Amino acid sequence: MTPLQYYLALAAALFAVGAWGVVARRNIILVVMCLELMLNAVNIALAAFSNYSAIGPGRGEVFVFIVLAVAAAEVAVGLAIGIAMYRLRERLDVDELDDLKG
Amino acid sequence: MNGFSTPLFYIVAAIVIIPAVLMVSFRNLIYSAVAMIVSFTGVAIVFITLNAELLAAAQLLIYVGAISILILFAIMLTKQRSGEIQLFFHRQAWAALPAAVILAAVLGVVLGRGRYNYAPRPQNPATAQLSRLLFNQYALPFELVSLVLLVAIAGAILLAKREKRR
Amino acid sequence: MKAVVLLIPLLPLVSFVFTGLLGRRYLKEKSHYASVAAVAISWLLSMYVFIQVERGQTLSWQIYSWIAVGHFSVDIGFLVDELTAIMLLVVATVGFMVHVYSIGYMHGDKGYYRFFAYINLFMFSMFMLVLANNYLLLYVFWEAVGLCSYLLIAFWFPKVSASNAGMKAFLVNRVGDFGFSLGIMLIFVTLGTLSYSGVFAAAGGLSGGMVTAICLLLFTGAVGKSAQFPLHVWLPDAMEGPTPVSSLIHAATMVNAGVYMVARSNPLFAHSHTAMLVVAIIGTFTAIFAATIAMVQTDIKKVLAYSTVSQLGYMFMALGVGAWTAAMFHLLVHGFFKGLLFLCSGSVIHAMGGEQDMLKMGGLRKKIKITYWTFLIGALALSGFPGLSGFFSKDAVLAGAFDGGYYYFWIVAVITVFLTAFYSFRLIFLTFFNEPRDARLFAHAHESPWVMTVPLIVLAVPTVGAGLLLGVPPESGHIDHLLHGVFAAAIHAPAHEFGLLSASLMAFSAAVGIAGILLAWHFYLRCPWLPAKACKRSGRLYTLLLNKYYIDEIYFAVIINPVRRFSGWLWRIVDTGVIDGAVNGAGWLAVGAGRAFRPIQSGKIQGYLFAMMLGLLALLAVYLILTL
Numbered sequence: 031m032t033p034l035q036y037y038l039a040l041a042a043a044l045f046a047v048g049a050w051g052v053v054a055r056r057n058i059i060l061v062v063m064c065l066e067l068m069l070n071a072v073n074i075a076l077a078a079f080s081n082y083s084a085i086g087p088g089r090g091e092v093f094v095f096i097v098l099a100v101a102a103a104e105v106a107v108g109l110a111i112g113i114a115m116y117r118l119r120e121r122l123d124v125d126e127l128d129d130l131k132g
Numbered sequence: 004m005n006g007f008s009t010p011l012f013y014i015v016a017a018i019v020i021i022p023a024v025l026m027v028s029f030r031n032l033i034y035s036a037v038a039m040i041v042s043f044t045g046v047a048i049v050f051i052t053l054n055a056e057l058l059a060a061a062q063l064l065i066y067v068g069a070i071s072i073l074i075l076f077a078i079m080l081t082k083q084r085s086g087e088i089q090l091f092f093h094r095q096a097w098a099a100l101p102a103a104v105i106l107a108a109v110l111g112v113v114l115g116r117g118r119y120n121y122a123p124r125p126q127n128p129a130t131a132q133l134s135r136l137l138f139n140q141y142a143l144p145f146e147l148v149s150l151v152l153l154v155a156i157a158g159a160i161l162l163a164k165r166e167k168r169r
Numbered sequence: 002m003k004a005v006v007l008l009i010p011l012l013p014l015v016s017f018v019f020t021g022l023l024g025r026r027y028l029k030e031k032s033h034y035a036s037v038a039a040v041a042i043s044w045l046l047s048m049y050v051f052i053q054v055e056r057g058q059t060l061s062w063q064i065y066s067w068i069a070v071g072h073f074s075v076d077i078g079f080l081v082d083e084l085t086a087i088m089l090l091v092v093a094t095v096g097f098m099v100h101v102y103s104i105g106y107m108h109g110d111k112g113y114y115r116f117f118a119y120i121n122l123f124m125f126s127m128f129m130l131v132l133a134n135n136y137l138l139l140y141v142f143w144e145a146v147g148l149c150s151y152l153l154i155a156f157w158f159p160k161v162s163a164s165n166a167g168m169k170a171f172l173v174n175r176v177g178d179f180g181f182s183l184g185i186m187l188i189f190v191t192l193g194t195l196s197y198s199g200v201f202a203a204a205g206g207l208s209g210g211m212v213t214a215i216c217l218l219l220f221t222g223a224v225g226k227s228a229q230f231p232l233h234v235w236l237p238d239a240m241e242g243p244t245p246v247s248s249l250i251h252a253a254t255m256v257n258a259g260v261y262m263v264a265r266s267n268p269l270f271a272h273s274h275t276a277m278l279v280v281a282i283i284g285t286f287t288a289i290f291a292a293t294i295a296m297v298q299t300d301i302k303k304v305l306a307y308s309t310v311s312q313l314g315y316m317f318m319a320l321g322v323g324a325w326t327a328a329m330f331h332l333l334v335h336g337f338f339k340g341l342l343f344l345c346s347g348s349v350i351h352a353m354g355g356e357q358d359m360l361k362m363g364g365l366r367k368k369i370k371i372t373y374w375t376f377l378i379g380a381l382a383l384s385g386f387p388g389l390s391g392f393f394s395k396d397a398v399l400a401g402a403f404d405g406g407y408y409y410f411w412i413v414a415v416i417t418v419f420l421t422a423f424y425s426f427r428l429i430f431l432t433f434f435n436e437p438r439d440a441r442l443f444a445h446a447h448e449s450p451w452v453m454t455v456p457l458i459v460l461a462v463p464t465v466g467a468g469l470l471l472g473v474p475p476e477s478g479h480i481d482h483l484l485h486g487v488f489a490a491a492i493h494a495p496a497h498e499f500g501l502l503s504a505s506l507m508a509f510s511a512a513v514g515i516a517g518i519l520l521a522w523h524f525y526l527r528c529p530w531l532p533a534k535a536c537k538r539s540g541r542l543y544t545l546l547l548n549k550y551y552i553d554e555i556y557f558a559v560i561i562n563p564v565r566r567f568s569g570w571l572w573r574i575v576d577t578g579v580i581d582g583a584v585n586g587a588g589w590l591a592v593g594a595g596r597a598f599r600p601i602q603s604g605k606i607q608g609y610l611f612a613m614m615l616g617l618l619a620l621l622a623v624y625l626i627l628t629l
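Residue numbers (the numbering used here), protein chains in the order written: chain A, 31 to 132; chain H, 4 to 169; chain W, 2 to 629.
Bound-form chain A, shown alone:
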């Protein structure tokens, strides 16, 4: 059996890659995609804990299902915002959305 820590390390790495993408790329659609990567990282950690934990078998998996549904909702709204933005400005640069600057 592969130790739990391996899975956690994988989750941490995937999370960091996602975070890097969110911060580094300018295209709003890619930012949404990277958010999905981060959610996947969390899902891996949850499923791993669920598999290795001595208490409450399957609880983590239930969580993953809920995360999946919320992620679907988030993608739908995020992409809708992207399309609306494109229609409004004809550009997808996240930095364009700075109307709230002080």
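If you're looking for bench data, these hints aren't it; they were derived computationally from the structure. Keep in mind that this is a model prediction, so the values were computed, not measured. Mixed in with the good hints, there may be bad ones.
Simulated DEER-style distance windows between Cβ atoms [said to hold, decoys possible]:
(1) Asp123/A - Asn585/W: 53 to 59 Å
(2) Phe179/W - Leu152/H: 45 to 51 Å
(3) Arg117/A - Asn585/W: 53 to 59 Å
(4) Leu152/H - Gln602/W: 32 to 38 Å
(5) Gly595/W - Leu153/H: 36 to 42 Å
(6) Phe138/H - Gly593/W: 57 to 63 Å
(7) Val100/A - Met2/W: 52 to 58 Å
(8) Glu30/W - Phe138/H: 54 to 60 Å
(9) Arg117/A - Arg26/W: 40 to 46 Å
(10) Leu153/H - Arg26/W: 51 to 57 Å
(11) Gly595/W - Ala60/H: 50 to 56 Å
(12) Gly595/W - Ser28/H: 36 to 42 Å
For glycine and all other residues, C-beta sits at the position ideal for the given N, C-alpha and C.
Go by the hints and put chains H and W onto chain A.
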């Protein structure tokens, strides 16, 4: 899938991580999307190694199936009319890369150092048992999530709808 | 029984919400349908409850735990015993009659729906006040009836005098209620409970000084609500409200709340002779004090208002001398006949097209017959004419004072009987007899519609019969048996037999009352030129009475103006200087800080995200270092 060997784990991990890094790096969005699909498929395999077959199926259906297609459509709908953006990367990207690496390291250390209460054998239950859990004990959160989805869909339609010309 | 008791306050509440929400748009002139129906049902249910209680079925019911913190708990609960039943009877009967009467009196008013909504809210609050089983709930609805009183006094708020009168009533009551709330807090601090049963059971263990302090503080509240000296000033001004309101709230029900509260607290007061004496002194003084003012007033409603203050003084005197039953008996009877008198005065005012000055009336006897006869019955009852209800209750009060050995109080009370009879019949003679003094108004005068005269006739029935029914034989009549259990803790001496002495006292007080009526007859019918001469002769005294002993002016000079001057000083120096300075300074500080930190808010989302990422890193690093 008891006794899943460690070398095999490295291969699966590579299927997850390498496409992810590529996805962030590609200039062409279509390439990025394809890399993302590969990475998501890798996550599905990870789920299989964790005895979570139903999860793996759901991962394939929702992420690889639905979300990827949605993203591809979004990419095609928003083809840059005014030419490509000159800068693919944000100004702060040079600082973000080391920060991300350090984040990965620190997260790994923090997670790895935890003292976990190990189960003697894999705990993820069979599908029937999981469904019982989902529809008895967690029925309320499940229903709530369905409501969230409904609201999100309504909101997405409203946002993406073409505004009427006045 | 439980459902019935619950429905009594609930129906007016539902009707209040219904009428209040829908009245303006949809119900309009039909606003009274729901409210009159609700109160009618409440009245029937109250009768049922009264009969049940009379058969010995009382109710103590915890409905809901409202506040529960540690050892402190306040329940919403009902206590229905003989005392409650009597209050329910008065409140529901007069309330129902006033509702019917208001259909006619308020007809065509712009705020028709508003009137019925408020008066329903009042009925709800008053029922709850009477039904409550603990002091906090009593206090809540004590304030609620005060609020309704304010809303209804200031009902015609575009009139400055009306809105001022409302405010005055509210503020003066605040003084009393402050004392009342302190009393309740003191009860809680010393006894740790607020329910009637708990407080009365533990009252015996308190030190004498503490009981006196609690009783005096509670009595302060009663002084405010029941308009006793020196907090009586709001009640005469409250006559600015519509007359049905004066009848219901300021004569028959709300002002009785003080008497009810003291009577309810009888196990506490029984432990403090000092507090009882204070109650008796204030009550007796107020009785004669208000009666003298009533003698010279010319506004028909003001006379009745001072009369109410005076009669409430009677009740407090009865409470103070330990004649608990007599006080409740007088409360019951007074509720009926004073409610009747006010409704009659409303009918007179209606006939005169809004005129309230008695000097412009006269000769109305032939024009408004029903009003005249019912008014006469009410005035006879108020004067203590033998056979009518007021005679028995007043005599019970007087007998209580005499039997208790409070002879000075008895003498003052007998003088007050004389004054009461005099001013009641001064009112009757000025309004209904002689030649009309204002021909134009007289020509216009007409009897009120049947919705207004029927309540007068209905209320005249208990005004005549309640005394005979409940108070005969004196001191061991039906009401004494009914209330015996409630006041068992407070009445020490056994009721003695009705003897020759009692009979002669009774005859004496009746004679005094008739003498007062005869004097009024002499002054206003036989020699109508006499009053003017008497006024001139008494000079200063007359002016003093006409100006109500200058109490309002004294309050202005001693309290209100100094407070105003002090407030002005506070405003100029403290408010504009210190407080505004601090506020403006804080404002400038915030503006400066905002200007300094503004560049950070670039609006670039990814900048924020990067900052979040670095923050997460920092947190994890701190965690790592701490757990190393």
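Going down the list of hints, with the structure as the test:
no. : hint                            : result
1   : Asp123/A - Asn585/W: 53 to 59 Å : 43 Å, violated
2   : Phe179/W - Leu152/H: 45 to 51 Å : 57 Å, violated
3   : Arg117/A - Asn585/W: 53 to 59 Å : 46 Å, violated
4   : Leu152/H - Gln602/W: 32 to 38 Å : 33 Å, holds
5   : Gly595/W - Leu153/H: 36 to 42 Å : 40 Å, holds
6   : Phe138/H - Gly593/W: 57 to 63 Å : 58 Å, holds
7   : Val100/A - Met2/W: 52 to 58 Å   : 55 Å, holds
8   : Glu30/W - Phe138/H: 54 to 60 Å  : 58 Å, holds
9   : Arg117/A - Arg26/W: 40 to 46 Å  : 44 Å, holds
10  : Leu153/H - Arg26/W: 51 to 57 Å  : 36 Å, violated
11  : Gly595/W - Ala60/H: 50 to 56 Å  : 53 Å, holds
12  : Gly595/W - Ser28/H: 36 to 42 Å  : 40 Å, holds
Of the numbered hints listed earlier, those contradicted by the structure are 1, 2, 3, 10.
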